[in-house]
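Undergrad: As a plain string of letters, each chain reads:
2 protein chains.
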Amino acid sequence: MAMTREVFVVGVGYTKIDRHFWKGDRELFAEAAWKAIEDSGNVLPKAIVVGNMTSSSLSEQDNFGALVADYAGLSGRPAFKVEAACGSGGAAFYAAYALVASGLVDVCLAGGVEKLTEQPTRRVTRALAYAAEEEYEVYYGASFTSLNALIMRLYMEKFGVTREEMSEWPVLMHENGSQNPYAQLRFKITKDQVANSVIIADPIRLLDASPIGDGAAAVMIASEEVARKITDTPVKVVGLGLATDNMYIASREDLTVLKATRKACGDALKMAKIELRNIDVAEVHDAFSIVGVLDIEDLGFAEKGMGAKLLAEGRFRIGDKPVINPSGGLKSRGHPVGATGIYQIAEITMQLRGDFPGLKVNGAEIGLAQNVGGVGNTVSVVILRR
Amino acid sequence: MAMTREVFVVGVGYTKIDRHFWKGDRELFAEAAWKAIEDSGNVLPKAIVVGNMTSSSLSEQDNFGALVADYAGLSGRPAFKVEAACGSGGAAFYAAYALVASGLVDVCLAGGVEKLTEQPTRRVTRALAYAAEEEYEVYYGASFTSLNALIMRLYMEKFGVTREEMSEWPVLMHENGSQNPYAQLRFKITKDQVANSVIIADPIRLLDASPIGDGAAAVMIASEEVARKITDTPVKVVGLGLATDNMYIASREDLTVLKATRKACGDALKMAKIELRNIDVAEVHDAFSIVGVLDIEDLGFAEKGMGAKLLAEGRFRIGDKPVINPSGGLKSRGHPVGATGIYQIAEITMQLRGDFPGLKVNGAEIGLAQNVGGVGNTVSVVILRR
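Heads up: the protein sequence lines correspond to chains Y and B, in order.
The first sequence begins at 66 in the numbering used here and counts up by one.
The second sequence begins at 66 in the numbering used here and counts up by one.
For reference, chain Y alone in the conformation it holds in the complex (with noise of 0.2 Å):
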């Protein structure tokens, strides 16, 4: 179906992914929000939606988007939650995106924060394991790691692949990520590091896992008509697609293949009368390397099964096409749960305009945003043109 009207990213906001002891959700989000309206010529937004999972089950607070909407000093407008767990920015963005292209405003501010930290351990992984079915996989005792080891173990099984090509999925991320100056993890590490890191949920292990971390993120969009009085280098929405999965993975078929990314991904590539083989440059959903390996199978850019081996053979890095997560992904950039989806396509955009301020894709005309919620349950894809 033709979109009734066309959407653009105006400015991008976000802070330092890290432990932020002196602020909460709430002061995040403000920080993130003013950063990305200053970024689009200090034009308001006439509606906000944020992306987040952790407000109830961690900061005992809902009514969430009145909440951030006012400590920003934005109360009055539209403003609301949305909620698909990891994949809750990349919803808000879906959201957002409508509000602008319906007509109901013509400039939104699309934002995702989570406050992870200043939380005892076992608490936010409870929090963290609402993202999967909680009647029929963490009653009995699943964490959301072990269910992605389940996959990973299945995964290099089936498609003969080792725990050193597995390895260069968090080598490159960490590669890429110590050039980002508002990365969590600023150091590189080696296959070996990873391999003798302490095992989480076997074959899992610290170093294949993004870290917990505090972060928010935020994007300005606007109409047509708005965008070209803003910005001299608006980027363009062409193409957006969400897709939900079978919650309970053992009722699907295949578990080494994230349905939800090939639909997303599907319907965003005919929404932007596109090939797969146009994108410049990707940001992906690596939650865990295996998470990552899978991402790249099965947005296309790699047969089943080949996602590590392509790693392996160096592919993926800058010069080739796409390059892959040049901000370091969620191993290494971090994964503020709800904000990650918006981090992302606030990513993109900068290097769509060349600002982006660690590992630059040169020349990039097209990128790819992909986040996803829970083991594939929501997956968003959106792609961007400069």
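It is possible that some hints are incorrect.
Any copy, or any two copies together, can satisfy a pair, since identical chains are not distinguished.
[Stated by the list, open to error] In silico DSSO-like pairs for lysine-lysine, Cα to Cα no more than 27 Å straight-line: (1) K301 - K111; (2) K88 - K374; (3) K100 - K88; (4) K111 - K338; (5) K335 - K223; (6) K369 - K386; (7) K425 - K223; (8) K294 - K386; (9) K88 - K256.
Please keep in mind that the hints were generated in silico from the structure rather than gathered at the bench.
For clarity, every value in this text was computed on a predicted model and none was experimentally measured.
Given the structure of chain Y, go ahead and fit chain B onto it with the hints provided.
TA: Chain B only, in chain Y's frame:
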């Protein structure tokens, strides 16, 4: 701003509101969703937006859009949860409207569900308090009821409103709701019973408060093209408003005014290009007697301070214009938090189609639904026309 395309309600469905000992949130949602699909000539939605507040805090389940979509047999489709406390349903409708008006999808299910029973009362009361400001209000011991009690006391003092006048609200609601087959509390009450019921938070008494109950509601909305194919009685969404107010109520200028109701209603009327006096029937958000009275004042149906007095004079009943809460309102029909806003829209749709199963407003052409999150923190207003 002109909307880019028109949107119609083409089907509704809901469960009775009750203590559903044998059903959780997923079962309730599926029941309402399939009733709405059946009411829409079995056309399947292309996307699902679900309003809900307590899935994290009470059911320990996030990724809630994907979950309810899956359990209803609708997995694969775009789905996400919208949270705006007790206003989640209205906010979900706002987002769903945008998905259709934008052209992203041509048929969308806007649903709401809440499972509140089968939990310790203290836990439920605590979870509902998440609607208020955690750091400035709840932390200091305020419950959601006590915040509303402060406003009720101030209102009665300031405008010289008596206990007897305030009791008009719940008495009328129970009278209306006694005819509603899916209402939670289908019995009549007297002013004496209200005045002598136990105090929850002075001056709010038990019979001033809406009950705790489980329920789910769904409405199917569609583009004009699809609506014309599905139904002979499409109901058009002519006006829409969503607004927020300061979270910390002590920071407001006047505690007896819910500013967000005024703004949302003003925006909805402007979009609908009608005057308030054209409204034939309204469903308003009466979590407590005081909230119902403030609603009719801030929507503009009564002068400030006159809401309860006009009610005592016999206004807002069948034969008057508008008729307020023929469903029985939150007080009698019930208030399954995130579902309430969708119940209201379903009820107004049925009033305009002429098939509401309870107290009918014959010949109604234009109706309004107002849903409130928190202490007037998030308010949505929807205007429908047959």
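Undergrad: Please go over all the hints and tell whether each is borne out by the structure.
TA: So, going through the hints one by one against the coordinates:
no. : hint        : in the structure
1   : K301 - K111 : both (19 Å within a copy, 24 Å between copies)
2   : K88 - K374  : neither (41 Å within a copy, 47 Å between copies)
3   : K100 - K88  : within (16 Å within a copy, 45 Å between copies)
4   : K111 - K338 : between (30 Å within a copy, 20 Å between copies)
5   : K335 - K223 : neither (31 Å within a copy, 60 Å between copies)
6   : K369 - K386 : within (18 Å within a copy, 64 Å between copies)
7   : K425 - K223 : neither (35 Å within a copy, 63 Å between copies)
8   : K294 - K386 : neither (33 Å within a copy, 46 Å between copies)
9   : K88 - K256  : neither (34 Å within a copy, 49 Å between copies)
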